[in-house]
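Going down the list, the sequences are from chains A and B. Per the numbering used here, the very first residue in the first sequence carries number 1; after that it's consecutive. Per the numbering used here, the very first residue in the second sequence carries number 337; after that it's consecutive.
Treat the hints as calculated values from the structure; they're not laboratory data. Among the clues, some could well be false.
A short list of chain A residues far from chain B (calculated; beta carbon distances all over 12 angstroms) [as the list claims (entries may be wrong)]:
| id | residue |
| --- | --- |
| 1 | W53 |
| 2 | D97 |
| 3 | N183 |
| 4 | L223 |
| 5 | Q252 |
| 6 | L264 |
| 7 | L331 |
Computed footprint of chain A on chain B, listed as stretches where at least three residues anywhere in the stretch have a Cβ under 8 angstroms from a Cβ of chain A [stated by the list, open to error]:
| id | region |
| --- | --- |
| 8 | 474-487 |
| 9 | 569-580 |
Idealized CB from N, CA, C, for every residue including glycine.
2 protein chains.
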Amino acid sequence: MKLSSKNINDRADYVYDAIVVGGGAGGLSAAIYLARYGLKTLIVEKGKGRSFWMQELRNYVGVQATTPGRDIQKTGMDQALEWGADYLRGYVEEVIDEGDTFAVKVKVGKNDSIHPVLHSKYVIAASGIIDNLPQLDDMQNVFDYAGYTLHVCMICDGYDMWDQKAVLIAGNEGKMEAAFVLNWFTPYISVLTNGEFEVSDQMRHKLAEHGYPLYEAKIKRFLGEDHELSGVELEDGTVVEATTGLVNMGSQYHNDYLKGIADLEWDGENLVTDEWRQTTHPRIFAVGDLKKGLNQVSVAVADGTMAATKIWRTIRRAAPPRKWEEKVAELTAPIA
Amino acid sequence: MKLSSKNINDRADYVYDAIVVGGGAGGLSAAIYLARYGLKTLIVEKGKGRSFWMQELRNYVGVQATTPGRDIQKTGMDQALEWGADYLRGYVEEVIDEGDTFAVKVKVGKNDSIHPVLHSKYVIAASGIIDNLPQLDDMQNVFDYAGYTLHVCMICDGYDMWDQKAVLIAGNEGKMEAAFVLNWFTPYISVLTNGEFEVSDQMRHKLAEHGYPLYEAKIKRFLGEDHELSGVELEDGTVVEATTGLVNMGSQYHNDYLKGIADLEWDGENLVTDEWRQTTHPRIFAVGDLKKGLNQVSVAVADGTMAATKIWRTIRRAAPPRKWEEKVAELTAPIA
Numbered sequence: 001m002k003l004s005s006k007n008i009n010d011r012a013d014y015v016y017d018a019i020v021v022g023g024g025a026g027g028l029s030a031a032i033y034l035a036r037y038g039l040k041t042l043i044v045e046k047g048k049g050r051s052f053w054m055q056e057l058r059n060y061v062g063v064q065a066t067t068p069g070r071d072i073q074k075t076g077m078d079q080a081l082e083w084g085a086d087y088l089r090g091y092v093e094e095v096i097d098e099g100d101t102f103a104v105k106v107k108v109g110k111n112d113s114i115h116p117v118l119h120s121k122y123v124i125a126a127s128g129i130i131d132n133l134p135q136l137d138d139m140q141n142v143f144d145y146a147g148y149t150l151h152v153c154m155i156c157d158g159y160d161m162w163d164q165k166a167v168l169i170a171g172n173e174g175k176m177e178a179a180f181v182l183n184w185f186t187p188y189i190s191v192l193t194n195g196e197f198e199v200s201d202q203m204r205h206k207l208a209e210h211g212y213p214l215y216e217a218k219i220k221r222f223l224g225e226d227h228e229l230s231g232v233e234l235e236d237g238t239v240v241e242a243t244t245g246l247v248n249m250g251s252q253y254h255n256d257y258l259k260g261i262a263d264l265e266w267d268g269e270n271l272v273t274d275e276w277r278q279t280t281h282p283r284i285f286a287v288g289d290l291k292k293g294l295n296q297v298s299v300a301v302a303d304g305t306m307a308a309t310k311i312w313r314t315i316r317r318a319a320p321p322r323k324w325e326e327k328v329a330e331l332t333a334p335i336a
Numbered sequence: 337m338k339l340s341s342k343n344i345n346d347r348a349d350y351v352y353d354a355i356v357v358g359g360g361a362g363g364l365s366a367a368i369y370l371a372r373y374g375l376k377t378l379i380v381e382k383g384k385g386r387s388f389w390m391q392e393l394r395n396y397v398g399v400q401a402t403t404p405g406r407d408i409q410k411t412g413m414d415q416a417l418e419w420g421a422d423y424l425r426g427y428v429e430e431v432i433d434e435g436d437t438f439a440v441k442v443k444v445g446k447n448d449s450i451h452p453v454l455h456s457k458y459v460i461a462a463s464g465i466i467d468n469l470p471q472l473d474d475m476q477n478v479f480d481y482a483g484y485t486l487h488v489c490m491i492c493d494g495y496d497m498w499d500q501k502a503v504l505i506a507g508n509e510g511k512m513e514a515a516f517v518l519n520w521f522t523p524y525i526s527v528l529t530n531g532e533f534e535v536s537d538q539m540r541h542k543l544a545e546h547g548y549p550l551y552e553a554k555i556k557r558f559l560g561e562d563h564e565l566s567g568v569e570l571e572d573g574t575v576v577e578a579t580t581g582l583v584n585m586g587s588q589y590h591n592d593y594l595k596g597i598a599d600l601e602w603d604g605e606n607l608v609t610d611e612w613r614q615t616t617h618p619r620i621f622a623v624g625d626l627k628k629g630l631n632q633v634s635v636a637v638a639d640g641t642m643a644a645t646k647i648w649r650t651i652r653r654a655a656p657p658r659k660w661e662e663k664v665a666e667l668t669a670p671i672a
């Protein structure tokens, strides 16, 4: 059922089998499977994650290519609720390992927040990442294009940039290397540093050899209308013509709540997992963008399936077998 | 575009980047990604695969739980076509490794069949499995219940059997062990051999201890109406009461067309793959139920993503970089 500050006390003494942190594609898949395994499941979704910003999800089998990420989230939430999962809008502040269970501290509500502590045997970290965007005085100008013609995922949206004039907005010199992958989709690439870092002579030379101009002034604003980019105006007055763009400035990882847990192996900000998406802590799983691998909706959905199935298997194997009690006596009686 | 016997000659001299054998969830995902990477892609779908038979797909994020598998196939086909893949209804008879390319022999059309040979650099084996069902004189009686209340996948549909009287129809003694997993969902299990094999004393004892009656006569027919099972009538006149059932009789693997390929490592009828779903043959990938792992739509969809991405990466890295030609001279000119 849907939980909120109004009814969260109903769950005060409850021990969930699993709390899923994050209601994106991976978390929802985990919750749907957990609920269909008959396990007590809670999803905590803070809102406005990466899939919320997808304007059209074009590469996920069975869903029309005009479907926005938020529709997938809504349908997935309804699915999870239908099979019996709980769903809470809130922000997980901390997860504390109490031995057999976790205490999960959640902040619920923006104003007059409450801070319930919920308990579970397992935690699935499905809280993902959010892409860094250029920070302009007018962020609405960025949001007018980000997710439409200004992309953050080349694997997802490279196709939609085909042979267009494109800006690559890089967060550091390493991230400029994306130009030499993006050129599979289009060679008309202008590279922007947004004034944030110095560029080596070696990289300047490589860009020039490929014919990709480099612009090092800060971005003033994105130009265009109706989410259709036409160019980027820089603080020095230059206008870079472009009908599409790729922002490659790194990501924020929503993983602070796990930083107090011992035994977790990290690879940078990603959690290291095995084939079941089990971390090095046996009761914590990581799915989707928090684990190493391709950051794709399809991958996250499979991750959720795998994590939920391993949790079910472990709980099931430790449970006493359910017998058909009234038949046992009949079947085990010695033949007269 | 859609291909058929009418226009297949248009592709006679064509070399696809990849031919995907099978238009279920995994093959469609691979094709959607391949097409969006701009690669020349063909799906060959024989029809009536495992996902075709799913009456309701209840555990796939973003798709209403009443959606049948054939709708997913149709939407996925439209997606793949939209991004530029070719789609052919046909049966792949053989794949021959010609060194840099494969020759893929396809049978098209039931009557007056033609046998075109198509060529590709890569093959993705996505042709899956089909579940064995009890063979009755009247197979329509089986199809009236299979995929509705008579299930073939416990992970998918165990939830829908909760605390119901269930028959487990096993294909051999090893497959009777499913009773001791199915009992997570319901303890009211009657086990049927359909007269196909002998049962050991050890297994008889184990079933009796759990209170699961064993029936060893052949199945005469399934009872019920409107796809709702009410029982199973056996040839000896016994009627076993049950409102649901699980068929666990193994599967047919659609992999004959690969049996002539050297260098493929098999694990039984499954192909062994790495994390990219690449087999031990570097130009053959396997996704979905043909590879080892959970036979789930979500997993197959992620498999397709991974295989397509690895193929794209390999092709891309071998291709010359696309330069912005008119800018190269300008950017590489010495400063005057």
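Cross-check of the supplied hints:
no., hint, verdict
1, W53, "16 angstroms, holds"
2, D97, "27 angstroms, holds"
3, N183, "5 angstroms, violated"
4, L223, "21 angstroms, holds"
5, Q252, "23 angstroms, holds"
6, L264, "21 angstroms, holds"
7, L331, "4 angstroms, violated"
8, 474-487, "violated (count 0)"
9, 569-580, "violated (count 0)"
When the structure is compared with the earlier hints, violations turn up for hints 3, 7, 8, 9 and for no others.
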